[in-house]
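Going down the list, the protein sequences come from chains A and B. Position 260 (the first sequence) corresponds to 260 in the numbering used here; numbering is contiguous. Plus 598 on top of the position in the second sequence (first one is 1) and you've got the numbering used here.
Just to be clear, a hint being listed does not mean it is correct.
Looking from chain A toward chain B, a few residues come up when the C-beta cut is under 10 Å (computed) [claimed, not checked]:
| id | residue |
| --- | --- |
| 1 | L140 |
| 2 | W145 |
| 3 | S241 |
| 4 | Y242 |
| 5 | G457 |
If you're looking for bench data, these hints aren't it; they were derived computationally from the structure. Each residue gets a CB set at the ideal place from its N, CA and C atoms; glycine is no exception.
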Amino acid sequence: MDFVRKLAPIALITALLIFAGCGRSPSKSEPNQITIYNALHAKIRGLDPGDIGDTTSAVVASQIFECLYQYHYLKRPYELIPQLAESMPQVSEDGLEYTIRIKRGVYFADDACFEGGKGRELKSADFIYAWKRIADIKYLSKNWWIFDGRIVGLDEFREYTKSCKKAEDVDYSREVEGLQCPDDYTLVIKLKKPWPQITYLLAHQPTAPMAREAVEYYKKDIINHPVGTGPFMLKIWHRGSYLEMVRNPNWRGEKYPTEGEKGDLEKGLLADAGRDLPMTDKINWMIIQEDQPRWLQFLRGKIDASGIPKDNFGQAIDPQRKLTAEMRRRSVHLEIFRDPSTYWLGFNMEDPVVGGNKPLRQAISCAIDREKYIELFTNNRGEAAYGFIPPLMKAYDPAISEMAETGYNPEKAKEFVKEAGKIYGGDLPVLKLSLPGTDTVFRQIGQFIRNNLEQVGIKLEVEYTDWPTFQDKVKSKSAQMFSLGWIADYPDAENFLQLFYSKNASPGSNNFNYSNPEFDRIYEQASVMQDSPERTELYRKAERIVVKDCPAVFMLHGVAFVLYHDWIHNYKPHAFGYGLAKYRRIDQAKRAAYKGEK
Amino acid sequence: MTTYIIRRLLYTIPIIFGVLLVTFILFNVVGGDVSAEIAGKAASKETIEEIRKEYGFDKPLFFSRDSQFINHLKNAVTFNFGRAYDREPVTSKIKRGILPSLSLTVPMFFGLLIISISLSLVVAFVRGSNWDTTAVVICVAGMSIPYLSFILFGQYFLAYKWGLFPVFFSPDLSPVQYVALPVIIGIVSGLGSNLRFYRTVMLDEMRSDYVRTAFAKGLAARRVLFKHVLKNAMIPIITRVVLAIPFLFLGSLLLERFFGIPGLGYLMIEAIGSRDFRVINAMTYISAVLFVIFNLVTDICYALVDPRVSLE
Chain A
1 MDFVRKLAPI ALITALLIFA GCGRSPSKSE PNQITIYNAL HAKIRGLDPG
51 DIGDTTSAVV ASQIFECLYQ YHYLKRPYEL IPQLAESMPQ VSEDGLEYTI
101 RIKRGVYFAD DACFEGGKGR ELKSADFIYA WKRIADIKYL SKNWWIFDGR
151 IVGLDEFREY TKSCKKAEDV DYSREVEGLQ CPDDYTLVIK LKKPWPQITY
201 LLAHQPTAPM AREAVEYYKK DIINHPVGTG PFMLKIWHRG SYLEMVRNPN
251 WRGEKYPTEG EKGDLEKGLL ADAGRDLPMT DKINWMIIQE DQPRWLQFLR
301 GKIDASGIPK DNFGQAIDPQ RKLTAEMRRR SVHLEIFRDP STYWLGFNME
351 DPVVGGNKPL RQAISCAIDR EKYIELFTNN RGEAAYGFIP PLMKAYDPAI
401 SEMAETGYNP EKAKEFVKEA GKIYGGDLPV LKLSLPGTDT VFRQIGQFIR
451 NNLEQVGIKL EVEYTDWPTF QDKVKSKSAQ MFSLGWIADY PDAENFLQLF
501 YSKNASPGSN NFNYSNPEFD RIYEQASVMQ DSPERTELYR KAERIVVKDC
551 PAVFMLHGVA FVLYHDWIHN YKPHAFGYGL AKYRRIDQAK RAAYKGEK
Chain B
599 MTTYIIRRLL YTIPIIFGVL LVTFILFNVV GGDVSAEIAG KAASKETIEE
649 IRKEYGFDKP LFFSRDSQFI NHLKNAVTFN FGRAYDREPV TSKIKRGILP
699 SLSLTVPMFF GLLIISISLS LVVAFVRGSN WDTTAVVICV AGMSIPYLSF
749 ILFGQYFLAY KWGLFPVFFS PDLSPVQYVA LPVIIGIVSG LGSNLRFYRT
799 VMLDEMRSDY VRTAFAKGLA ARRVLFKHVL KNAMIPIITR VVLAIPFLFL
849 GSLLLERFFG IPGLGYLMIE AIGSRDFRVI NAMTYISAVL FVIFNLVTDI
899 CYALVDPRVS LE
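Based on the provided sequences and hints, a complete structural model is requested.
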C-alpha cells in the first residue's frame, strides 16, 4: 500500500504530461464533413507566399492563396486560365505593357487583421504590395529571381530598400513606374523588355496578392498566419506535426471544368463537370517524414494518396509496371506521369581540370551507365537523359540522344580519356564529386559512379556532404563535379535554358558557370519571343550547343508513380499542380468500407 | 553545503563556455556559410550578402567586440536565441516541443526505471539460476538489437498488422492512444542495458554481510530486498537516474520522427539537417545547463541518501 502511495505522484505526473504534451485538440468534425487526408514528406517551412521556396510549403499554401492565373486542371498541353484575373492580359503591341483586369467581389478570408475581423475585398494594389515586398531586400525573399531585371522601376525600388537601415524604414508607398493600378480592379505592368513567360509566373505561388493589413498585423509571424482569397483557410497548424484547413466561406466560388483532354471522359474525370467547388469541407495534412509510417498509413487508408517508397516498390508495382495483386485487391489506383525534371552530374566549367578539358567531360559522360543507375536507384522511375529539356516540354528534341554522342559507351570513353590525358599533359588527377547527402543511398550512388569511372581509367573521390554544405560549395564555385537537378517552374523550356546563361553564373542558377557566347545570343533572342515554331527551334539549337560542350552528364528525367485509393475522384496528375484539392471528390461510403476491412 | 553549491555553480561557467565554443567552431568555422541555403534556389549575390548581414555572418568570427562568437555568447547568456532560419522564433519552437517530448520521455523513463529495478531485484534474488541466465541472455540480446529495429518491428507488427495501436499520430486520437506504442518500444528497447546495470548493482549489495545477517535473522525476502538492498544501492541508481533527467527534455529523436510526435528530438534533427545553428545552439546550451544542474543535484542527493557523504 505504501509502495502504491509512493508511486502515485509519479503516475500523476506521467498522466498529466501525456495529456498536456500532445497539443491542441483538432477541431471537432461535424458528422457529414468531408475531409481529404494528405501526407507530406517534409515539414512546412512557412505559409507566406513571397517567402516560399520549397515545394511542400507551396503545395499547402496554394490551397489558401490564389494567383492571377492558374493552369486548366484537365487540358494538356498545360494551358493557363484566369484565376483572380477577369481574363487573360491585354498585351501592347511591343509586348512591353500588360493590362490585367481583376475580378470583382473577391474577398480575403476573415481574419483578426481586418477591421471587425471581416475579410475585405481584393484590390489591384494588393498585387503591387506583394511584388514590392518580394523586391524589398530587407524582406529577404527567396523569389526575387522572378522579377529581377524585368519590371520598370522595380530594380530601383530594390536599390532604394538597400539604403534603408531597417525593414520598418522601407516606404511601400514609393512609386514603381512599371506597377500601376489606375483603379481598384485594373493592374498595369510595364516591362523593361518583352517577357513572354510573365503569365506563367503570374500563376506561380509567390506572386499571390497579400493583404497589407495581415503583414502589418502579424509582422514576422506572418509565416504562421496565411490570409488569402483561396477556397480553404487555415484552422490549426501544429508546426512539424499536422495542419488542418477548412472551407473559406468568403471564397468567390468556381465550377469544375467542363472540358478536358482526350480520354478524360472515359476515365470519369468529367463526371463532376460544372459542379461547385470545392467538393470537400476540410483538408488534413500530416507531416510524415519517414517512409515506413507513411506507407503503412496509406495501406491502412489513413491517407488518401501516396508516392511509393523505394523499399516498398515491389509490393506495389510488378515488373510490367502494373499494380500488384495486393494493390488491386485494395482497389488502389496507379497514375504514372512524367515530371518536368532533369537530373545531372554537373561540371564546374571554371575548374582548371574539368572546365578546360572537353574530352575528359565527354569521357565521364560516356562512362556512366544511366539505365543501370535508373534501375538501381529509382526502381526504373526515370528515363535516361541526353539533353536538359525534359520530354514533357514542347521543345523536347527526341533526336537529342543520337546527336549527343555522350551516351553510355565505355570503349568510346577510354578513347576520350586518352585524348584528355594529352590535353592535361600526363596522368589525369583524381577528380572530386560532391554529393548532397550522407546516407546509405548517396554512398551507394557515389560508389556506383566511382566504379563506372574506374572502368575507363578515371579515378574519383566522392565527397558526401549535407545539403547546406553542398549548396555552399556549388554556389562558391568550389565543387569540381556535383550532382543536382531542376524541376521546371512553368511549362516553357526557357526555365531550363536560363540554367546555362552566363549571366546567371554561381551563386545564380548557372551552377556549371558555363559560358558560351553563341548560346547566350540564342538565349537572349529566344527568351523574349512569344511561343512559335521558330522559338522552339531556337530552344533546340541552344540545347544542342550545350550538349556538344558537355558541361554536365545528363542522367535522367523523372517519372512519378502515384497511388490513390478508390474513394478519391477526379485525381489527375499535374506537373504544375498547385491548389488542386478543390477538384477532389471523396466517396465517404467507400472510405468507410475500406476502413472496416480486416 | 551552501559554499559547496556556490563553488560548483562557479565551476559550471568554464564548462558552459567550453560547450558554447565547441558548438560555435563546429557549425560556424568547420561547417561554413549557410546563406546560400537560406536564400533559395536562384538567389542573387546581393540577396546572399543581405542574408549574411541579417544573420551577422559578415562579422568577424572572433577577436572583435562585435564578433559572431561574442554575440553568440551574449545571446546564450540572455536566453535570446533569435529567429531560426525559417524565421520562426527559436524559443517558440522549443516551448512547443517540450511538452510533446516530455509526454513521451517521462512515462518511458518512469516505466523503464520501475520495471528494470523491480526485475533486477528479482533476478538478483534468483542469481545463478536458469531464470537469471535467461534474463542475462535476453538483456544482452536486447542490447545488441539496434533501436531502429525495435521501432520498425513494433510499428509494423503491433500497430499495422495486429492493429493494437495506431501506426502514427493523428489529431483525432487521444494522447494515450498514440503515445502508448512509442512508450512501450522505448521501455522494451531500454530494458536490456538497464536491467543488466541494476542487476550488477543489486548483486554487489546482495553479497554484502548485512544482507546475509538480515536473512539469518529471519527477515522476509521482500523486506530485505526493498528495505535494505534497494536503499543501499541508491548511490549508483541516483547517479544513473538523475543524470538521465536532462536528456528527457531532449526528447527521443527516432521515436518522435517515426510516430509523428513533434518534440524536441524532432526539432534537433531538423536543425542539424538544415544546419540551423540558432536552434542547435539553443538546444545545446539548454542541455549543457541542465546537465550541469542535474550533476549538482546528483551530488546533493548523495549526501541526502548516504550519511557517510558530506558536501564540503
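Results of checking the hints against the structure:
1. L140: The hint holds - L140 of chain A has a Cβ within 10 Å of chain B, the shortest such distance being about 6 Å.
2. W145: 4 Å, holds
3. S241: 4 Å, holds
4. Y242: Holds, because the Cβ-Cβ distance from Y242 of chain A to chain B comes to roughly 6 Å (cut-off 10 Å).
5. G457: This hint is violated: G457 of chain A lies away from chain B, its Cβ roughly 33 Å from the closest one there, beyond 10 Å.
The structure fails to meet hint 5 from the earlier list, while all remaining hints are met.
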